[in-house]
Amino acid sequence: MAERHASIWWKVKPYTMTSVERIVALCQSIAHLENHRVPGAIVECGVLKGGSMMAAALALKALESTQRQLYLYDTSTGGSLGDVKQALMQTRYPWEKIIFVEGRVEAPAQIALLCLNTRTYESTLSELEHLYPRLADGGILIVDDGGAKLAVDQYFHDQGIDADLRTVDDTGRLLIKKAGQQILSAAA
Numbered sequence: 001m002a003e004r005h006a007s008i009w010w011k012v013k014p015y016t017m018t019s020v021e022r023i024v025a026l027c028q029s030i031a032h033l034e035n036h037r038v039p040g041a042i043v044e045c046g047v048l049k050g051g052s053m054m055a056a057a058l059a060l061k062a063l064e065s066t067q068r069q070l071y072l073y074d075t076s077t078g079g080s081l082g083d084v085k086q087a088l089m090q091t092r093y094p095w096e097k098i099i100f101v102e103g104r105v106e107a108p109a110q111i112a113l114l115c116l117n118t119r120t121y122e123s124t125l126s127e128l129e130h131l132y133p134r135l136a137d138g139g140i141l142i143v144d145d146g147g148a149k150l151a152v153d154q155y156f157h158d159q160g161i162d163a164d165l166r167t168v169d170d171t172g173r174l175l176i177k178k179a180g181q182q183i184l185s186a187a188a
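For the sequence shown, this note's numbering begins at 1 and goes up steadily by one.
Just so you know, the hints here were simulated from the structure itself, not pulled from any lab data.
Check each hint, because a few of them may be wrong.
[What the hints assert, rightly or not] Mimicking DSBU-like on lysine-lysine, the simulated pairs with C-alpha atoms at most 35 Å apart in a straight line are:
1) K85 / K97
2) K149 / K85
3) K177 / K11
4) K177 / K61
5) K13 / K85
6) K11 / K178
The model shown is predicted, which means the values in this text are computed figures rather than measured ones.
When you get a sec, could you build the whole thing from the sequences and use the hints?
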């Protein structure tokens with residue numbers, strides 16, 4: 001593991017149940033987005049204690065990039081909103097760029113990185129229907145397949161997308177959205 005990834009891992013470890021492999025993949029994804037100038041926000045559904053978004057913020061700061069908005073959805077499940085906010089404050093990422101959302105998944109208009117950690121079929125399918133069409137070409141989807149593998153596979157099958165989902169760890173998969181991918185029915 002690269003020293004910069006190890007540094008981020010040790011800072012976020014107390015705030016996440018995510019594996020070190022997935023945190024490294026998240027940091028590498030951030031670097032990919034920056035290197036390829038993929039437009040859009042960073043979005044996570046299923047925030048828990050905020051560790052993954054802390055890693056995203058720290059990875060962006062390490063690359064001297066603090067222009068992206070960070071959207072944290074469902075912050076009320078599993079951890080208190082106050083605790084999540086306190087964790088994110090530790091990153092010193094520009095506070096006005098961090099958006100906490102409890103409830104409906106309606107923003108942002110364009111997404112560069114979409115992390116789905118809600119782990120149920122229904123929530124994962126709904127998030128994919130509403131958010132995947134907003135994922136920019138070259139954008140990255142990271143999904144915790146714990147209880148949502150069927151929803152992910154079903155969504156891509158129904159959309160006629162040959163999704164090259166790559167294994168990150170025992171439950172996580174990742175894909176880079178191909179340019180020109182057509183979505184059959186966008187709920188957005």
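Hint check:
no.: 1; hint: K85 / K97; verdict: 13 Å, holds
no.: 2; hint: K149 / K85; verdict: 30 Å, holds
no.: 3; hint: K177 / K11; verdict: 29 Å, holds
no.: 4; hint: K177 / K61; verdict: 24 Å, holds
no.: 5; hint: K13 / K85; verdict: 16 Å, holds
no.: 6; hint: K11 / K178; verdict: 32 Å, holds
This entry satisfies every hint, going by the numbered hints stated previously.
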